[in-house]
Every structure is written in structure tokens, then in C-alpha cells.
Amino acid sequence: MTTTTSTTPARPAARRPEPRARGRLTPTQRILLRAVLLTLLAVAATFVLDPYRNYQLAVVAATFCATAGLTLLVGLTGQLSLGHAVLMAAGGYGYALAANAAAGAGLDGDGPAGVARVVLGLGGALVASGAVGGLLGLAGARLRGPYLAGLTLAMVVALPALTTQVPALGGDQGLAVPFEGVPQALSRLIVVEQWHAWLAIAVAALAVTPLALLRSGRAGLRMRAVHGDETAARLAGVSPGRVKVGAFVASSLAAGLGGAVLCLVTQSIGPGRYDLAFSLLLVVAAVVGGLGSLGGAAAGAALVVLLPWLVDTVTAAVGVPADLEQRLSGNLAVLVFGALLIVVTLAWPGGLARAVARRPRPRPRPQPRGRTDAPATPPQPSER
Amino acid sequence: MSHPRPVTARPAAAATGAVAASAAACLALAGCSTPAAASPGISDDTVTVGTHQPLTGPAAAGYASISAATKAYFDYVNDHGGVHGRSIEYVVKDDGYNPANTQTVVRELVQEDKVFALLGGLGTPTHSSVLDYLDQNGVPDLFVASGSTLWDDPEGHPNTFGFNADYVVEGAALAQYAADQHAGQKLCVLGQDDDFGQEFLEGVELAVGKDGVAAHETYSTSNQDVTAQIGALQAAGCESVLLATVNGFTALAVGTAAKMGWSPRWLASSSGGDYPTLVDLLGEDVAPALLEGFVSANYLPFGPDGEWVELFRQINDEHNDGARFDGNTVYGMSLGYLFAEALARAGEDPTRESLVEAVESGDLEGNGILPLMFGPDDHSAFDGVGITAVTDGVQDYVGATYAVGGGKVTEVEPQPVPLRGEGVPTS
Amino acid sequence: MDRLVFLTATGLARGLVVALFALSLVIVWRAARLVNFAQAAVATVAVFAAFAVTGATGSFWAGLGAALLAGAALNAAVERGLMRRVPSGSPLPGMIVAIGLVMVLQSALGIAFGPRHRPMAAAFDERPLVVGGVPLLSPYDLFVLVVALVVVGLLAWLFNGTSLGLQLRASAAAPEVSRLLGVRVPRMVTLGWALSGAVAALAALLLVPTELGLNAHSADLLFVHAFTVAVLGGLDSPAGALVGGVAVGLLVSLVTGYLGAGVAPLAVLALLTLVLLVRPGGIFAVGEVRAA
Chain A
2 MTTTTSTTPA RPAARRPEPR ARGRLTPTQR ILLRAVLLTL LAVAATFVLD
52 PYRNYQLAVV AATFCATAGL TLLVGLTGQL SLGHAVLMAA GGYGYALAAN
102 AAAGAGLDGD GPAGVARVVL GLGGALVASG AVGGLLGLAG ARLRGPYLAG
152 LTLAMVVALP ALTTQVPALG GDQGLAVPFE GVPQALSRLI VVEQWHAWLA
202 IAVAALAVTP LALLRSGRAG LRMRAVHGDE TAARLAGVSP GRVKVGAFVA
252 SSLAAGLGGA VLCLVTQSIG PGRYDLAFSL LLVVAAVVGG LGSLGGAAAG
302 AALVVLLPWL VDTVTAAVGV PADLEQRLSG NLAVLVFGAL LIVVTLAWPG
352 GLARAVARRP RPRPRPQPRG RTDAPATPPQ PSER
Chain B
1139 MSHPRPVTAR PAAAATGAVA ASAAACLALA GCSTPAAASP GISDDTVTVG
1189 THQPLTGPAA AGYASISAAT KAYFDYVNDH GGVHGRSIEY VVKDDGYNPA
1239 NTQTVVRELV QEDKVFALLG GLGTPTHSSV LDYLDQNGVP DLFVASGSTL
1289 WDDPEGHPNT FGFNADYVVE GAALAQYAAD QHAGQKLCVL GQDDDFGQEF
1339 LEGVELAVGK DGVAAHETYS TSNQDVTAQI GALQAAGCES VLLATVNGFT
1389 ALAVGTAAKM GWSPRWLASS SGGDYPTLVD LLGEDVAPAL LEGFVSANYL
1439 PFGPDGEWVE LFRQINDEHN DGARFDGNTV YGMSLGYLFA EALARAGEDP
1489 TRESLVEAVE SGDLEGNGIL PLMFGPDDHS AFDGVGITAV TDGVQDYVGA
1539 TYAVGGGKVT EVEPQPVPLR GEGVPTS
Chain C
28 MDRLVFLTAT GLARGLVVAL FALSLVIVWR AARLVNFAQA AVATVAVFAA
78 FAVTGATGSF WAGLGAALLA GAALNAAVER GLMRRVPSGS PLPGMIVAIG
128 LVMVLQSALG IAFGPRHRPM AAAFDERPLV VGGVPLLSPY DLFVLVVALV
178 VVGLLAWLFN GTSLGLQLRA SAAAPEVSRL LGVRVPRMVT LGWALSGAVA
228 ALAALLLVPT ELGLNAHSAD LLFVHAFTVA VLGGLDSPAG ALVGGVAVGL
278 LVSLVTGYLG AGVAPLAVLA LLTLVLLVRP GGIFAVGEVR AA
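Chains as they are written, first to last, in the numbering used here: chain A, 2 to 385; chain B, 1139 to 1565; chain C, 28 to 319.
Hints in this document: simulated from the structure, not taken from any laboratory.
As the structure is a prediction and not an experimental result, all values here were calculated from the model.
The reader is advised that the hints may include incorrect statements.
Label-pair distances were calculated between CB atoms; the ranges are [what the hints assert, rightly or not]: (1) C:Thr-189 with B:Pro-1426: 27 to 33 Å; (2) B:Val-1424 with C:Arg-111: 42 to 48 Å; (3) A:Arg-243 with B:Asp-1349: 54 to 60 Å; (4) A:Val-321 with B:Asp-1530: 50 to 56 Å; (5) B:Gly-1322 with C:Gly-92: 51 to 57 Å; (6) B:Gly-1485 with A:Phe-48: 36 to 42 Å; (7) B:Gly-1485 with C:Ala-79: 54 to 60 Å; (8) C:Thr-35 with A:Gly-110: 56 to 62 Å.
Computed footprint of chain A on chain B, listed as stretches where at least three residues anywhere in the stretch have a Cβ under 8 Å from a Cβ of chain A [to be verified]: (9) 1245-1251; (10) 1331-1341.
Built from N, CA and C at the ideal position, the CB exists for glycine as well.
Isolated chain A (complex conformation) (with noise of 0.2 Å):
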């Protein structure tokens, strides 16, 4: 990762934003496109992986889930969750209830009986991690940012407590969940962790999609209206509240499928994933990525998940005392996201998004109050 930095931004007016020229494509036609496109392109990415990769890819996938709905609800709404971790876990636990229950019902075999189970336990999801997302969003539209933060904090610390006080949650170790085989007609062709990697991906796609024509469409609007000013928005007949409620909800929904996924490829749910460190990783995961960035979300989810093993694999091949190697050993890549996640936010405030895009920089807005040089979250690009 290079760290250049450009402290002076270009002048808000220097470039204009760059003339349409896709055609007759509706906004929407052109996000789904788009996702059709880039599903097609990392399902084909799965065939010149090794089964390792395979797996590696379907975690970056059910992350990229998190990190897409945390993006748009810190870049977008300005509320900060230390706790998407928790809303992964929901989605985690909701999948295994329903998929367990669904194969204790009857649908324990392969085939038909095995994507009732997986469609049931995504609905398990969406209902487990809608539900707590709802409740967050309801207190997160009365804080303001450092209450939420710290609420959202609070809650993953409680998560292992409420794991081993709740019976139906299986305490440390979670709960198991059936194996998703590779369907008969697939079997010769590909291994199960491609397999898995296809269902992450696709179940990706089904998160993130709704996520960009959210963004794109009048809701982003709105959002980035209550992020400017709220009184504003109040004048201009939008509900704070509700957008912010909704913002949490849309964002949780997400996380949730990524939760879902990962318990149905690792075919385990339990608390000690679900950690503190874990949630911050998704907000480096955000941050770095560039917040409010879809795509940004994508590169981030992948650096969070590859960067601790890249760097162990690195430390391991330099050839360090066996006692600094353990040292070094996870704590060396907290590190790294740590000051990531400090440079990023000080000198290059766009992320990787704005790195790779070069984008112009939107002009300022007005701020709520306060003396300010550069928006803290600048808004994306309108798609106008």
C-alpha cells in the first residue's frame, strides 16, 4: 500500500463532473447491469483459484456484505457503528435457526431440500439482522454520534455474555449448521469451495445491489440531505428519523447476508468471530476503502481479509526470531490498519475510491455549524 498523500485538494471547481454519455440507460438499468456484470466476472474469477483462494474469496465476499452496508450508513448518514460485527452475528445466528429448524422439519437432504434450507436460513437472516438493526436505527435517530458509537461498542462487548446467557444461541461455541454439498449436476466439475464461493458471491450481489440503487435513488438523496443539515431537511418535508431508521435497517440487512454467508460456508456460528477487533476491521475495511464508496467497500473487504495473512506470510518468509515472529504475528497487520485508518482519514479522505477514480472533488457544502476547510465524508459524485 502506498501512502501518497495530497494535501492540497484540487479546487472544488476545476473539473466538471465528466458529461453523460452511457446512452439511453436509466440510472437503475445501469446499476443492475453492472451487478449482472461484476457477479458474471468474480464467478469467473472462481475457476483459476485454487479451493483455498476459493474460501479466501467467499469470506471477502460475505465481509464485502458488511462493509457495503457500513459504508453507505457512515458516508451517507454520518452515524457511526462500532458494532456492524453484532449485525453479522445476528444474520449468522438467524441463518443457523432457520436452516437447522428447516432440516430438523424435514429438509435434510441434497437438492431441493438443500435450497429450501439455504433460502429459509437467508430469510432467518434478513428477519434476525432487520429486526436488531431496527432496533439500533430507533436509538441511533435520537444519538448523535459519539452516543451511537458508543452504544453500538457496548453491544459487542455484551455479544459473548449474551451468547452463553441465551441457550438456543450454544454458548462459546455457537451453533453448527448443515453442509451445503455441491449439487449432484455441479459435482464433476467443481469442488465445494467454489461451490460456497458462488453462493457468496451471489448472495453478495442480492445484498449489495439493492444497497447502490438505494444510494443512487432518492433515498441517497435524502440520506445526504440529513447528513448536511437536518433542520433543513425537516423544512424540506424529509423525517430525519425515518431516514436514519431506514439507512440502519437497509445497512443491517446487508451485514446480515454476510453473516448468513459465512456461517453457511464455515458451516459454524459463534461469538468469538464476532469480536471488537472484527468490528473495527469493518470500519477500516469502510474508511480505507473510501467511506460511501461501493466499490471502495469491495477493495477494503478485501484488504481486511488478505492483509493479516500477507503480512504473516511475509514475516514468515523474511526469517525473524521465533519469538518476535509471534509477536509480531497479528499484532503487526492491527497495526498497519491502524495507521491506515488514521492517514487515510487525515491526508486522503476519499480512500482508495477517490485514489483509483480521481474524481473531482465535490464542491463544499454548507456545514452545520463550525469552522471547516474539506467536508470530513465528502458526498459521492451525484449520478445525476
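Position chains B and C against the provided structure of chain A, taking the given hints into account.
Quick look at chains B and C alone, frame taken from chain A:
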């Protein structure tokens, strides 16, 4: 990770770029996939086995030295010609005691490092998250380093075998010993708020009945303040306290009680009863006084005068840089010895099936103080433990040994396995 | 009954440490309108400094001094080096930078000192004084009590009774006007951060001897509890921090003693949620929540 990209790129292109870049990065580091070969991890002169261990994170302090000891023992075996001419390579992966990492590193071990078997995977929440995966991939899952009863499930997980005496056995044996020593005393339990504490409590109640436990408190590993629990036990008038605690919380419990001027009799599970570790945690100045008479359970030959310890000390000096010698060292090396024995019995050209058969044959001796229980219908290693105590700063067996079976605790004679030859199994 | 008395006394002693830490959060909030999520990491670094100094000199008091200095210096450096460069206008970037700082500091401590817990002795006897057969507070708890009360008193005097305190409050509440009136606002903000770092370091130093030992994550739970307290009392209110601290300390102690250790985190979360939903600005909030 830099992305050369045209200036006019739009979000779609950015996202495409991200996907393509990560795909390219993966491609550069690995080949493409086709179904696996027949017998992974075995070559003419090596056997590769892997494990997942907490080398970082909060649990590392208590357990990171185990895999180093196992590795040192394998180095020793390899220096003595290996097993059937093959040297044993032990791939240790760090999971930080986080099940998410366990799932990743175990897949890496199986798919990238192509290990022959998994050996001594550590921890209940961590290892239980990969049980099904290992089963579906037919990977022998030997000697899990945890006292949970989950590993003893020949029907559900035919390739998985435990190593520790389970928590029920330990709880029952310690409670029985306490009751035998001081009849009519008030017996209390402090346990971790997970399966460790629950199964241990089951064992205690097996020995002394539900009414035999005067007070039961729990702690959570996330909160290092146990004053409230210790205070409650003291207020209940406990005379002996049975501990289902990891080493760190054993030290915390003993230390907190001492600060409150209270010194009941302590009886700790083998997972939290290692004297050198506790001394390190409590501080060398105060520990010897606090831990005099401290009772624990064990099933491995760690008595300071034994021939096994003599061998292990020598291996520790020669192959482990003379690291501190403690219960973890004996544990790690005993684990390695048992694996070497299983491998030796799996034949000249071992397969995954023959390895599992060798363990199930019931012929393995190991080096414990009681016979191993392994058989077609039993995947637990030990059904009993010996009682240890600290006398004048030395922790050793006191002679009392208990076995648990058929819902009751019986006192038995220890049957230690003598050391043969140089401690390298040959057949 | 004995049990209730004991648990109450313990909860009170722990609660005061939490209150002290919460107070440090209130000070930063008052100075910079920001919740310093890195406060626990900064405090832990300071305790490591104290540990080293006490180890070298053998004096607890030298270590205490080192912790106060290190906490103040580190927080001042954080403010000068990082927080000052954070774009204002939204509380978001400040929080994110603080979270990045937590990750950097804790992983650096982990790399430098490894995962093991270093036992740390308390400055005073920790055996409780037994009153009427019931173990109550230990001399160490009394020391904590006195320190906490003295610090609260000093801060109250500083903020309300001195010209420096007035300048501190003024520059936080109305930076522009204060500047016009000749207050050196940036200096006041740095001072507020330093003060808060010292108080946080003190709280962490008082906590660690009651725990397993010193480790990079020693103050994590303290921060969560203290944040809860600061929110309960209102981020603006020192008195609220004190009352809230004792309340959370008692809650954790009583719930752990009567319902089990596993229920305590849930009880804290429930309390936090309840207060936030009923009074979004905290119990002691006056008027509308002030969002920076």
C-alpha cells in the same frame, strides 16, 4: 497495492478493478484447482502434520509453549531416524484462540500445506468450529488439546480423538479426593462460564451429589476482576474451592483471596493447575507461600524424578533452546510421543485410514499414568487422573488416583508406562 | 446480608476507579467536543511507563509520577500531532482517528511486550478491614477512594474556581469569542487533553493491581464501563461521572455476585440502552444534546 487506472474510471470500473486486482494477486500466489491426490502429506521421507494454536492474543500466554515442545520432540525423533525412516514435519499455525482464524488456518493446512493429519488442535470453541470440516475431508484429527467431551463421538466424528482427561473426569476426581480427605467440609466451585465450567461442575456433582456443593460461582474471561466471586465464596464459608479455571484465572482467584486474607484449600483442573506457570503469574516473591498445598489433577508423567521428565528436560535443552520447563512442556512432548507411536503402528506405508485404525486398535500405550481408553467405541484418551499437590515448592503426584466410569468415581492404582529405549517409538 | 454489604463495598471501590476514568473522558469532551476512544490505550501506555519506572527505582510514587507525566504528554502529543489536523465540522473523523490510534498503540505494546500479563503489586495492603465479621474495604480501596475524591475536588476547583479553568471552559464552549477575548484557544485545548491523559493514567494505574496483571488490553473493559458512565451522567457533567461511576460499579458487583459473571455485561448494556432511550443526553443533561 497500487491501481493504475484511467482517469475517467467510474465506480463500476473501480469495483471491477478491485475484484480483478485481488483475483490477480491470488493467482500470482497459487495455482488453479483440481480435486486432490490420494494420500496427502506423506512422501518417501517425510510426514507433514499440522496444528492450530493460540500464539497471539490473550490465550497465548498460557498455551503458546505447547506446540514449541511438540516440535522439539519431533526434532528429537527426526534426529534419531524418524518413524519408519520418515521425519515428522509439524506445521504450527496461529489462530489467536479465535474460531474465525481457526477455520481459515485449518483450511490452509489441509488445502495448501496438504497435511496428513491434524494433531493437538487447541481449544474447545476453536476446534469445535472445524470438526465437521475435518470429518468431511477425511483428515485424521488426533489428540485434540482440550478436555471437552465433544471429541469422544465415534459415530458423528469417526476421525476425531481427544487427549486430555475430560473435564467431567477431573471434576469428579478432585471432588472425590477433597471429600475423602476432609469429610463433611463445605465444598465450593468456581468455574468459567462455558462448557469447561459446566462439565467440571457435572463431574463434581457426580462425586458428591448436588447437595455436596455449598456454593457455585462463575467468571467470564472478559472481566479480570473476580473480587465479587471470591467474596461470595468466602461469605458462604467455603473450606475447599474446586477451580475450573485456566491458569490466569487460577492465579487471579488465589491472589484475590490472599489479598482478602482468605486461604481455603484450592483444587484446580489440570488446565489451570501448572505450578511454574502460576508462580510466573503470581510473582516469584509471594507465589510459593500462596501455593503451598495447592492440589491439582494430572495424567501425564511430570513428576520431577521420573525418567520421562529426565528425557523431556534433555530434549527441551537440546531442541527447544532450554525454554522454561513446565506442565506445557510435558504436555506438548507427550502429545508428540503419542502421535509418533500411532504413526509407527500405522504401518510402513501409512495412510489416513491406517492411522485412524492404529489409534482405534487399542494397542497404543502412550506415556500416561493410566492406560489409554482408545478403541472402536471410545475416542477419549484417559478416564481417570492422579491427584497432585505442591509440597515445599515441588508439584508431584500424591498417589491417590481416580477413574470415572458408569456414573461413579472409583479409586484405582496408577499404572505408569515405563520409558523404553530412547523414547522414540519404533512399532 | 453479609454478602450484600461486601458486594456493595467492593462495587463502590471499583466504581470510583471507573468514575475517575469517566471523568477523564468528560474533560476531553469539555475541551474538544470529542469522545477519545483512544483513552484506554493511552492510559495503558502510561501504566507501562509507571511499571518500568517502579521496576527501576522500586518506588511506587515515582511510578505514579511517571504515569501522570506519560499520560499527559502522550495525550498532548495526540492532540497536537493528530487531532488538531482532523477536519472539524463532524465528530466522525475525530472518532475514526482515535480508533486508529487504539489499534496502533495496542498492537505496538503487543509487539514490544508480548501477550503475557505482568503482575503489579498494589501500593497498599489489599486485605480488607473486617468490621463486625464482614470484610469491608481494604486500605488500598480507601487509598483509591481518597485519590478519587481529591482528584474530583481539584478538578472542580480548577474548572470553577480559577481563571485557567474559566479559560478552559470558555475555549471549549465558544472558541471564536474566546479568541477575540484573548484566550489562547489552541493552548487551552492541548492543556485539556493533557489533563485528561493524566487522570486516565491515574485511573488505569489504580485498576491494574486488582487485575491479573499489566497487558496491552488491561484498560479495555475500564473504557467500556467508563464510557457507559460518561453517557449515563452526560458527557458534560463531572458530577454525573462520579455518580454514574458508583452506580455502574455497584451494578456490576451486585449482578456478578447475585446473578453470575455472565449477566454483568448484559446488565451494563441494558442500563446504557435504557438511559439513552429515555434521556438521550444522559441523566444530568441540561437541555438539548449538544452535538459538535
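**OP:** Take the C-beta atom of Arg-243 of chain A and the C-beta atom of Asp-1349 of chain B, compute their distance, and say whether it sits inside 54 to 60 Å.
**Re:** holds, 58 Å
**OP:** Mind checking the hinted window 56 to 62 Å against the Cβ distance between Thr-35 of chain C and Gly-110 of chain A?
**Re:** holds, 58 Å
Original post:
Quick one: are Thr-189 of chain C and Pro-1426 of chain B within 27 to 33 Å, going by C-beta?
Top reply: violated, 52 Å
Original post:
Are three or more residues of the region 1245-1251 of chain B within 8 Å, CB to CB, of chain A?
Top reply: Coverage by chain A holds for the region 1245-1251 of chain B (4 residues, Cβ < 8 Å).
Original post:
Do three or more residues of the region 1331-1341 of chain B come closer than 8 Å to chain A, measuring C-beta to C-beta?
Top reply: It holds: at least three residues are needed, and the region 1331-1341 of chain B offers 3 whose Cβ sits within less than 8 Å of chain A.
Original post:
At the C-beta level, are Val-1424 of chain B and Arg-111 of chain C separated by a distance inside 42 to 48 Å?
Top reply: holds, 46 Å
Subject >> Cβ distance range 36 to 42 Å for Gly-1485 of chain B and Phe-48 of chain A, holds or violated >> reply: With a Cβ separation near 39 Å, Gly-1485 of chain B and Phe-48 of chain A satisfy 36 to 42 Å, so the hint holds.
**OP:** Could you check the hint for me, namely that Gly-1485 of chain B and Ala-79 of chain C are 54 to 60 Å apart, CB to CB?
**Re:** holds, 57 Å
Original post:
Range hint 50 to 56 Å: satisfied by the CB atoms of Val-321 of chain A and Asp-1530 of chain B?
Top reply: Check failed, 41 Å falls outside 50 to 56 Å.
Subject >> Whether the CB-CB distance between Gly-1322 of chain B and Gly-92 of chain C falls inside 51 to 57 Å >> reply: Taking Cβ atoms as reference, Gly-1322 of chain B and Gly-92 of chain C lie about 54 Å apart, which means the hint holds.
Figure legend: structure checked against the earlier numbered hints; hints not met, in rising order: 1, 4.
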